[in-house]
Structure formats: structure tokens, C-alpha cells
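Asker: Letter by letter, the chains look like this.
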Amino acid sequence: MGTIVDARGFSCPQPVLMTIDEIKLVSKGEIEILVDTDTSKENVSRAAASKGWAVTDVKEEGEGYRVTIVGKG
Amino acid sequence: MGQLKNVFASRWGIIGVGAFIGILAPLLQKWGNPGNMGICVACFERDIAGAVGLQRAAVVQYMRPEIVGFVLGSLMAAYLFKEFRPRVGSAPIVRFILGAFAMIGALVFLGCPWRALLRLAGGDGNAIFGLGGLIFGIWIGTLFLKGGFNLGRTEKTYSSVGWLMPLTMIGFLILMFIFPQITDQPQSGILFYSVKGPGAMHAPLIVSLLVGLAVGFTAQRSRFCTMGAFRDLLLFRQPHLFYGLLTLTVVAFLTNLIVGQFHPGFVKQPVAHTMQIWNFGGMVLAGLAFALAGGCPGRQLFLAGEGDGDAAVFVFGMIVGAGFAHNFGLASSPTGVGPHGIAATVIGLLVCLFIGFTMRRKYA
Numbered sequence: 001m002g003t004i005v006d007a008r009g010f011s012c013p014q015p016v017l018m019t020i021d022e023i024k025l026v027s028k029g030e031i032e033i034l035v036d037t038d039t040s041k042e043n044v045s046r047a048a049a050s051k052g053w054a055v056t057d058v059k060e061e062g063e064g065y066r067v068t069i070v071g072k073g
Numbered sequence: 074m075g076q077l078k079n080v081f082a083s084r085w086g087i088i089g090v091g092a093f094i095g096i097l098a099p100l101l102q103k104w105g106n107p108g109n110m111g112i113c114v115a116c117f118e119r120d121i122a123g124a125v126g127l128q129r130a131a132v133v134q135y136m137r138p139e140i141v142g143f144v145l146g147s148l149m150a151a152y153l154f155k156e157f158r159p160r161v162g163s164a165p166i167v168r169f170i171l172g173a174f175a176m177i178g179a180l181v182f183l184g185c186p187w188r189a190l191l192r193l194a195g196g197d198g199n200a201i202f203g204l205g206g207l208i209f210g211i212w213i214g215t216l217f218l219k220g221g222f223n224l225g226r227t228e229k230t231y232s233s234v235g236w237l238m239p240l241t242m243i244g245f246l247i248l249m250f251i252f253p254q255i256t257d258q259p260q261s262g263i264l265f266y267s268v269k270g271p272g273a274m275h276a277p278l279i280v281s282l283l284v285g286l287a288v289g290f291t292a293q294r295s296r297f298c299t300m301g302a303f304r305d306l307l308l309f310r311q312p313h314l315f316y317g318l319l320t321l322t323v324v325a326f327l328t329n330l331i332v333g334q335f336h337p338g339f340v341k342q343p344v345a346h347t348m349q350i351w352n353f354g355g356m357v358l359a360g361l362a363f364a365l366a367g368g369c370p371g372r373q374l375f376l377a378g379e380g381d382g383d384a385a386v387f388v389f390g391m392i393v394g395a396g397f398a399h400n401f402g403l404a405s406s407p408t409g410v411g412p413h414g415i416a417a418t419v420i421g422l423l424v425c426l427f428i429g430f431t432m433r434r435k436y437a
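So the protein lines, in turn, are chains C and G. Sequential numbering of the first sequence, starting at 1, is according to the numbering used here. Sequential numbering of the second sequence, starting at 74, is according to the numbering used here.
Note that these hints are calculated values from the structure, not bench results. Be aware that a few hints might be false.
[What the hints assert, rightly or not] For lysine-lysine, the following BS3-like pairs were computed, each having C-alpha atoms within a straight-line distance of at most 25 Å:
1) K219/G - K51/C
2) K24/C - K219/G
3) K28/C - K219/G
4) K155/G - K59/C
5) K229/G - K59/C
6) K341/G - K269/G
7) K78/G - K59/C
8) K155/G - K229/G
9) K72/C - K51/C
10) K72/C - K24/C
11) K51/C - K78/G
12) K78/G - K155/G
13) K51/C - K28/C
14) K59/C - K24/C
15) K28/C - K59/C
16) K24/C - K51/C
17) K103/G - K341/G
18) K269/G - K103/G
[To be verified] Some residues of chain C that are not near chain G, with every Cβ distance over 10 Å (derived):
19) K28
20) E32
21) T56
22) V70
23) G71
24) K72
This one's a predicted model, so the numbers in the text were calculated from it and none came from an experiment. Glycine residues also receive a C-beta, built at the ideal position from the N, C-alpha and C atoms.
Kindly generate the complete structure, drawing on both the sequences and the hints.
Answerer: Okay, structure coming up:
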């Protein structure tokens, strides 16, 4: 199981900063990021990709999304 | 719709939107808007403040339909793509103050980031100093962001809350129909209309409104933001939004060349002054305030259109800030900075630093 970043309620750039912080912290594995706007979903996915992480799943959840990203380190 | 890929959010999407605005903004000027001011969110909100009498500078009073269109276009896009998310509660008072000082900084330079790009695209060399200040201000903002600065979380709220800004804009539009402009009259009912100066220069109402709607719609889809373009580049080397900004500038330049609106130089540029330190300084203040508030003035309107009540508070802060700027002699004019513009810029920077240094905490 990976870690969860709860970025709900934050608007850009916080969700991206939080995701990048977590990527640096765990360096590889799986991270789930909770966001509540489409903009954050897109920004987080774009940031993960630019760090070489793969977006493996985007699920609608409640009022937002659960974005799963996987990094091989 | 949620699973459907948003083409506007792709690289070509943001470039397309940049090109779209880059063509329309100079055309708005051709159709009647002031020089290098096809679109200027700060100037237009200032004109709105003038139209309702919050400031009484006779040359800058007009209820700009572009602003109405920006909000309503975004609202339509948000509803169509199920992105209307009413939300509030992320430090609204801070956003109001940031909005007010962002406006004051922009009026010291004489333009928001959008107009800074359009001034450059029209050949106004003074815009280089404004853009330099903007980038520097945003860079200071990124230092605060790296240090943990944030305005806190929003909370979901009632739909009606998200509708308040769009309804306000619809109200403004209705006022224009009830009290239409009368030729050579400075007032029509409760609305003020400039009879000379930039406020008297405008494209036909319906044209301004339609362009505003189109820009609002596409900007909501693409998340176009002139502050975010520089911020993302500085903060995490992410050039996505910057492609849109660059395309806007280049396409606006080419459009100006084609329609004969490119006039390179520093002196006698339309609605501009040559006091470069304050062109720079005013935009440092505006850039920092936009960065701390999370969006350029255009983006704040688009966010307000998709239900963000905090962005709406920022917009009202800007409109009230315009009132202060003109009533207290803070705004510049083509002859130079206003009598108290420098003092206001310094105070604004101090306020932004106070906010930046004190609002940092770990994400709770």
C-alpha cells in the first residue's frame, strides 16, 4: 500500500507541491492523491509525469478524484 | 464527461487558446478598445468601478462587457463539463486585501499581466519593465510557496454561493441595458460613461460581450493564467501554461503587424508612462499579490465563474482597490505616477510580505 496525499480544498500550486514533496520523500512506490477539482487532477497528473512517475488510475470519488501514481525510483 | 480527456488542457490546447486570445485582443482594439488595451482585466475592472461611481476619474468610466463575458463564459464551460464546484473559506479577507493591492500595483504600471503582454506585442518598450517586475514579484511569491505559504483549504458550499459573482455580472449587464450610453453624456441613470479618454473607447457592446464569453469559455477549459505561467516555470520548471502565454504574445504581435497596430518605441505609447522604476515596482507588487492569491486577474474571474467564492472576493478587492487608486491619487497617468502611487506601492509590498511571512504552516 502506498501513501495518501490529501490535497482536497487546496488550489494550484499546493496540490502539485504536496505531490512533489511526497515523491521526494518516498522516492518510489505508489502514491494516492486526493483532489477536488479537475484543474488539480490535471496539474497533479502533469507534475507526476514530469517527475517520471506513471499515472496508473484516476477515480471519481465523492466530490473529487483519487489519482494514483506509481514511481520506479 | 469526467473521464473524457480535456483537450484544452493538453499542450496544443493551451497553445490554441493563447493564439485565440492573441488574435481577439488586438481585434478588440481595432473594433474600438483603447490602445494596446484590447483586453486588460485590471483596467476594465477599474472602468467598472468608475461606471458605478466607486471612483470618479472622468476618463475611465465604462461598464466593460468583456469582464461580464469572462465570468459568464467560464460559468457556461463549467456547467457544460460538470466542473461547477461552489467553494469558499480559504482566507477571503486576505484575498480581498491582495486583490486591492494587486489593482493598485497594476495601476501604477497601467495594466495587468494581460495588458503587459499586449503592450509588448504592440511595440510598447515600457512593458518590458512591467513584465520584469511581474516576473520578479512572482519569483518572490514562489519563495513563500516553497516555504510553506498557503491560504488554507476551501470548503464545498451551496450552489447559490457560487452563483453570486455570475449574478452580479448579469446585474451589471442588465444595468447597461436599463441605462445605455447616451452620446456625449457623462451619465445615464446611475451609470457613469466617459465622454473622452480610454473609458470612452470601446468596441460595440455585443462584440465585447461575445469575445468575453468566448475567452471565458476557452480559458476555463484550458486553465489559462498569466501568473501561473511564470510561477510554474519558476517553481517547478513546468512550461505548460507558459506555452499559452508565449503564443498569445507572438500571435498578438503578428495580428498587430497585420492590422497596423504595431508601433515600437518608449515615448507617447498609448495609456503608458516612462517612469521605468515604477513600471517595474508597480508590477512587482501586482505579481507578488497575484502569486500569493494563486491566479492572475483573468484567472480569478474564470475561477469565480466556476464557483470559487474566494476568487470572487479577490475580484471585488480589485474593484474596490481601483476606487482607492483613483480617489487617492495612487494610479498613474501618461504623465507619470500619481502623487501617492509610490507610497502605496511600498505599503502594498509591506502588506504582501506580512501576509507571506505569517501565513505558513504545514498542510493541516
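Asker: Holds or violated: K229/G and K59/C, Cα atoms, limit 25 Å.
Answerer: holds, 19 Å
Asker: Does K51/C sit within 25 Å of K219/G, going by the straight-line distance between their CA atoms?
Answerer: holds, 18 Å
Asker: Hinted pair, alpha-carbon criterion (25 Å max): K51/C, K28/C. Please report holds or violated.
Answerer: holds, 11 Å
Asker: Is the Cα-Cα distance between K51/C and K78/G 25 Å or less?
Answerer: holds, 21 Å
Asker: Far enough from chain G: is every CB of that chain over 10 Å from the CB of K72/C?
Answerer: With a cut-off of 10 Å, K72/C remains clear of chain G, as the shortest Cβ separation is near 20 Å.
Asker: Straight-line Cα separation of K28/C and K59/C no greater than 25 Å?
Answerer: holds, 21 Å
Asker: Tell me if the straight-line CA distance from K155/G to K59/C falls inside 25 Å.
Answerer: holds, 15 Å
Asker: Would the pair K24/C and K219/G pass a check requiring their Cα atoms to be no farther apart than 25 Å?
Answerer: holds, 14 Å
Asker: Check the hint pairing K72/C with K51/C against an upper bound of 25 Å on the C-alpha distance.
Answerer: With a Cα-Cα distance of about 11 Å, the restraint between K72/C and K51/C holds, given a limit of 25 Å.
Asker: Please work out if K155/G and K229/G have their alpha carbons no farther apart than 25 Å.
Answerer: Satisfied, since the Cα-Cα distance of roughly 15 Å is no more than 25 Å.
Asker: Does the structure keep K72/C and K24/C at a Cα separation of 25 Å or less?
Answerer: Distance of about 12 Å is within 25 Å: holds.
Asker: Take the C-alpha atoms of K24/C and K51/C, compute the straight-line distance between them, and say whether it is at most 25 Å.
Answerer: Holds. K24/C to K51/C sits at ~10 Å (cutoff 25 Å).
Against the hints set out earlier in the document, no violation occurs for any number.
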